[in-house]
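Visitor: Please work from the sequences and hints to get the whole structure.
Protein chains in written order, with the numbering used here: chain P, 221 to 562; chain W, 221 to 562.
Be a bit skeptical, because a hint or two may be false.
[Unchecked claim] Chain P is faced by these chain W residues, among others (derived, beta-carbon under 8 angstroms):
#1 368
#2 389
#3 390
#4 434
#5 445
#6 447
#7 515
#8 520
[Said to hold, decoys possible] Taking lysine to aspartate or glutamate and the DMTMM-like style, the derived pairs with C-alpha atoms no more than 20 angstroms apart in a straight line are:
#9 P:399 / W:397
#10 W:367 / P:523
#11 P:223 / P:306
#12 P:275 / P:299
#13 W:365 / W:523
#14 W:268 / W:246
#15 W:422 / W:397
#16 P:422 / W:294
#17 W:399 / W:386
#18 W:367 / W:477
#19 P:367 / W:523
#20 W:258 / W:280
#21 P:258 / P:278
#22 W:367 / W:294
#23 W:340 / W:284
#24 W:340 / W:306
#25 P:340 / P:306
#26 W:399 / P:506
#27 W:422 / P:397
#28 W:365 / W:334
#29 P:422 / P:278
#30 P:399 / W:506
#31 W:367 / W:444
#32 P:422 / W:493
#33 W:365 / W:470
#34 W:258 / W:294
#35 W:399 / P:397
#36 W:422 / P:476
Since the hints were derived computationally from the structure, they do not count as laboratory data.
In this text, all values refer to a predicted model and were calculated from it rather than measured experimentally.
Note that the Cβ used here is the ideal one computed from N, Cα and C, for glycine as well.
2 protein chains.
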Amino acid sequence: MRKRIAIAGATGAVGRLVRQMLEQREFPYETITFLASKRSAGKIIQFKGEDHTIKLLEPEAFNEIDLCIGSTPDEVAAEFVPWAVERETVVVDESGFHRMLDHVPLVVPEVNPEAIANHKGIIASPNCSTTQMVVAMKPIYDVSKIKRVVVSTYQATSGAGVAGQEDLVGGTRNALENKIWDYQAFAHPIAFNVIPQIGSSKHEGYTSEEMKMVWETQKIFGDESIQVCPTCVRVPVSNCHSESILVETERPISAEEARQLFEASPGITVVDDLAAGVYPMPHTSDDQDDVFIGRIRKDISCENGLTFWCVSDNLRKGAATNAVQIAELLVSGRYASCGTSS
Amino acid sequence: MRKRIAIAGATGAVGRLVRQMLEQREFPYETITFLASKRSAGKIIQFKGEDHTIKLLEPEAFNEIDLCIGSTPDEVAAEFVPWAVERETVVVDESGFHRMLDHVPLVVPEVNPEAIANHKGIIASPNCSTTQMVVAMKPIYDVSKIKRVVVSTYQATSGAGVAGQEDLVGGTRNALENKIWDYQAFAHPIAFNVIPQIGSSKHEGYTSEEMKMVWETQKIFGDESIQVCPTCVRVPVSNCHSESILVETERPISAEEARQLFEASPGITVVDDLAAGVYPMPHTSDDQDDVFIGRIRKDISCENGLTFWCVSDNLRKGAATNAVQIAELLVSGRYASCGTSS
Chain P
221 MRKRIAIAGA TGAVGRLVRQ MLEQREFPYE TITFLASKRS AGKIIQFKGE DHTIKLLEPE
281 AFNEIDLCIG STPDEVAAEF VPWAVERETV VVDESGFHRM LDHVPLVVPE VNPEAIANHK
341 GIIASPNCST TQMVVAMKPI YDVSKIKRVV VSTYQATSGA GVAGQEDLVG GTRNALENKI
401 WDYQAFAHPI AFNVIPQIGS SKHEGYTSEE MKMVWETQKI FGDESIQVCP TCVRVPVSNC
461 HSESILVETE RPISAEEARQ LFEASPGITV VDDLAAGVYP MPHTSDDQDD VFIGRIRKDI
521 SCENGLTFWC VSDNLRKGAA TNAVQIAELL VSGRYASCGT SS
Chain W
221 MRKRIAIAGA TGAVGRLVRQ MLEQREFPYE TITFLASKRS AGKIIQFKGE DHTIKLLEPE
281 AFNEIDLCIG STPDEVAAEF VPWAVERETV VVDESGFHRM LDHVPLVVPE VNPEAIANHK
341 GIIASPNCST TQMVVAMKPI YDVSKIKRVV VSTYQATSGA GVAGQEDLVG GTRNALENKI
401 WDYQAFAHPI AFNVIPQIGS SKHEGYTSEE MKMVWETQKI FGDESIQVCP TCVRVPVSNC
461 HSESILVETE RPISAEEARQ LFEASPGITV VDDLAAGVYP MPHTSDDQDD VFIGRIRKDI
521 SCENGLTFWC VSDNLRKGAA TNAVQIAELL VSGRYASCGT SS
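Guide: Put into structure tokens, the structure is as follows:
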């Protein structure tokens with residue numbers, strides 16, 4: 221199996237992190253190609269201390285690529301992924317465009333790595349708010365089916381891209397001086413405010429972001445009996461999503477059992493000592509790959525309920541890291557090899 | 221019935237608002253007295269355009285007072301309320317100190333006004349996070365018992381007093397310049413962060429703030445069968461608490477029915493048009509008395525579930541306004557008269 225890899229959308233906020241992850245994790249490759257839109261094509265970037273010229277994201281760019289990680293918006297993915305697949309390039313797509321298609325596995329390596337075996341050229345990485353939640357659900361699900369999840373999110377502005385970050389900093393600076401900021405990424409001021417809408421109105425009063433948490437969770441576990449009630453909220457935090465999660469399981473699970481299950485799980489770090497003021501926060505979870513879990517306790521409103529607090533870097537595990545982990549699985553050949561998918 | 225009234229803690233953040241509310245709502249009184257600690261006693265404040273000298277909060281201050289609104293910390297209430305009660309002054313206490321005592325009614329006028337009839341000199345006003353939630357629960361509860369509530373809060377720094385406000389502004393200014401701020405009200409940075417702890421570790425992994433939401437809700441409805449699972453979180457918002465609330469009712473209630481029930485309820489304003497980006501936010505709920513409700517929808521994870529988003533000014537309805545409303549009920553004589561309680 222050859223390992224000629226490419227990054228599509230290499231200059232975006234997540235694309236930059238994908239490059240970092242590939243360097244740090246010493247991802248194996250023969251050749252590496254960086255692709256982006258006209259605006260960035262021709263520019264020089266550094267990778268592993270060497271200069272690379274960014275190439276234009278066009279059909280022919282995939283002529284000699286075996287594996288591509290796509291860090292682009294949905295509409296760009298809709299266009300470029302078919303170019304790649306036609307040329308037998310396997311694409312790990314971080315966009316939302318292909319996630320719910322039947323022939324596209326939706327993969328979180330800690331949860332359903334085996335799903336990549338069935339890929340037809342495209343493997344999707346889930347929405348950031350879903351990814352950290354399913355990582356947290358997995359060890360519980362393994363010992364007792366999860367019947368229901370109630371989740372309220374506290375999502376960072378980095379999820380709305382570079383414009384979201386600029387809105388937070390610019391909006392906050394101006395708010396402190398009683399000045400108006402012209403918000404680009406948000407329909408309402410995010411400085412010193414919370415906005416209970418992420419995405420568009422989608423389904424029976426739920427937003428598109430919320431329905432991703434419902435549908436993607438069911439697809440990743442391959443279990444449509446898991447019922448999810450999400451409320452997705454933007455908070456004035458720069459990076460790292462937090463989630464208040466309640467799960468109802470088939471059999472009761474104690475806080476102590478849950479803590480042991482979390483502690484034994486790859487990709488999870490337990491940070492949990494309320495009396496000492498110790499729990500995960502965006503502030504302490506930045507620039508890390510793990511999903512951090514704390515405030516683990518029995519749901520006092522339901523015998524089979526368990527509730528906890530979960531924080532993760534939405535740009536890393538929520539996007540770049542998960543995609544690179546999928547790519548690592550692919551090149552490892554453990555479940556399916558790059559280029560043997562047809 | 222005479223109406224010689226006093227405000228204890230008249231110079232604090234909530235005390236200031238109590239004064240404002242008494243002015244705005246044209247609260248009836250014969251005499252008005254402002255009481256505070258040594259630090260403020262002797263200072264002059266304005267009320268209805270007239271100068272008033274703040275008097276020292278001491279036992280003798282209650283000799284000729286019929287009704288006192290107390291806006292003090294718990295430890296101050298523990299000391300002064302007995303002085304008042306001994307002198308037959310009825311106290312509306314906003315502190316947490318007396319709330320759960322059997323002989324003290326805990327009152328939200330929209331929910332259980334009749335409870336004041338049983339007072340023995342003290343009527344307590346609930347915790348801010350409880351108050352807005354029970355106002356929202358009330359119209360639902362009236363048509364179908366509520367069996368369970370799952371709530372995650374997004375609480376403003378004003379709930380931590382003036383020091384909390386200063387921490388938010390000072391911490392944010394410094395964070396924008398990569399400087400350290402010495403936080404006084406919070407154990408962790410609140411600038412661009414969320415803190416999943418309010419109050420101390422109290423009961424089976426829940427904080428004192430969370431257990432207030434459980435126990436106070438049951439007491440206000442007089443119904444210990446209402447199960448509440450709360451997660452209380454501080455967010456970098458200056459004022460107004462937000463809550464993501466899910467209620468499970470005895471019979472299913474549609475979103476449409478819930479909307480009508482909310483709209484017909486005093487103290488509630490429905491702000492709900494997701495497609496148009498319309499819902500309550502801290503930003504738009506400041507300096508108002510109502511509880512604002514939006515994102516009203518069926519819980520898609522449970523047949524008898526209903527979920528919504530609720531925002532209210534925690535210093536007004538969450539504290540000052542509710543106390544003044546209780547005082548209004550008292551002087552109206554509708555349920556119990558001031559001075560006739562013994």
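Visitor: Hint by hint, note whether the structure agrees.
Guide: Each hint, compared with the structure:
1. 368: holds (5 angstroms)
2. 389: holds (7 angstroms)
3. 390: At about 10 angstroms, which exceeds the 8 angstroms cut-off, the nearest Cβ of chain P leaves the hint on residue 390 of chain W violated.
4. 434: Since the shortest Cβ distance to chain P is 7 angstroms, the answer is holds.
5. 445: violated (11 angstroms)
6. 447: Where the cut-off is 8 angstroms and the nearest Cβ of chain P is about 4 angstroms from residue 447 of chain W, the hint holds.
7. 515: holds (6 angstroms)
8. 520: For residue 520 of chain W, the interface hint holds, since the closest Cβ of chain P sits about 6 angstroms away, which is under 8 angstroms.
9. P:399 / W:397: holds (18 angstroms)
10. W:367 / P:523: Holds, because 13 angstroms separates the two Cα atoms, which is no more than 20 angstroms.
11. P:223 / P:306: holds (18 angstroms)
12. P:275 / P:299: It holds: about 16 angstroms lies between the C-alpha atoms, which stays within 20 angstroms.
13. W:365 / W:523: holds (15 angstroms)
14. W:268 / W:246: This hinted pair holds, its Cα atoms lying about 10 angstroms apart.
15. W:422 / W:397: violated (37 angstroms)
16. P:422 / W:294: violated (46 angstroms)
17. W:399 / W:386: With a Cα-Cα distance of about 16 angstroms, the restraint between residue 399 of chain W and residue 386 of chain W holds, given a limit of 20 angstroms.
18. W:367 / W:477: Holds, at about 18 angstroms.
19. P:367 / W:523: holds (13 angstroms)
20. W:258 / W:280: Measuring from Cα to Cα gives roughly 15 angstroms; hence the hint holds.
21. P:258 / P:278: Holds - the C-alpha atoms of residue 278 of chain P and residue 258 of chain P are around 10 angstroms apart, at most 20 angstroms.
22. W:367 / W:294: Status violated; Cα separation ~31 angstroms.
23. W:340 / W:284: With a Cα-Cα distance of about 18 angstroms, the restraint between residue 340 of chain W and residue 284 of chain W holds, given a limit of 20 angstroms.
24. W:340 / W:306: holds (11 angstroms)
25. P:340 / P:306: holds (11 angstroms)
26. W:399 / P:506: holds (18 angstroms)
27. W:422 / P:397: Violated: residue 422 of chain W and residue 397 of chain P sit about 39 angstroms apart, past 20 angstroms.
28. W:365 / W:334: holds (19 angstroms)
29. P:422 / P:278: Violated, because 32 angstroms separates the two Cα atoms, which is more than 20 angstroms.
30. P:399 / W:506: Between residue 399 of chain P and residue 506 of chain W the Cα gap is close to 18 angstroms, so the pair holds against 20 angstroms.
31. W:367 / W:444: holds (10 angstroms)
32. P:422 / W:493: holds (13 angstroms)
33. W:365 / W:470: Roughly 5 angstroms separates the two Cα atoms, so the pair holds.
34. W:258 / W:294: Between residue 258 of chain W and residue 294 of chain W the Cα gap is close to 17 angstroms, so the pair holds against 20 angstroms.
35. W:399 / P:397: At roughly 18 angstroms apart (the allowed maximum being 20 angstroms), residue 397 of chain P and residue 399 of chain W satisfy the hint.
36. W:422 / P:476: holds (17 angstroms)
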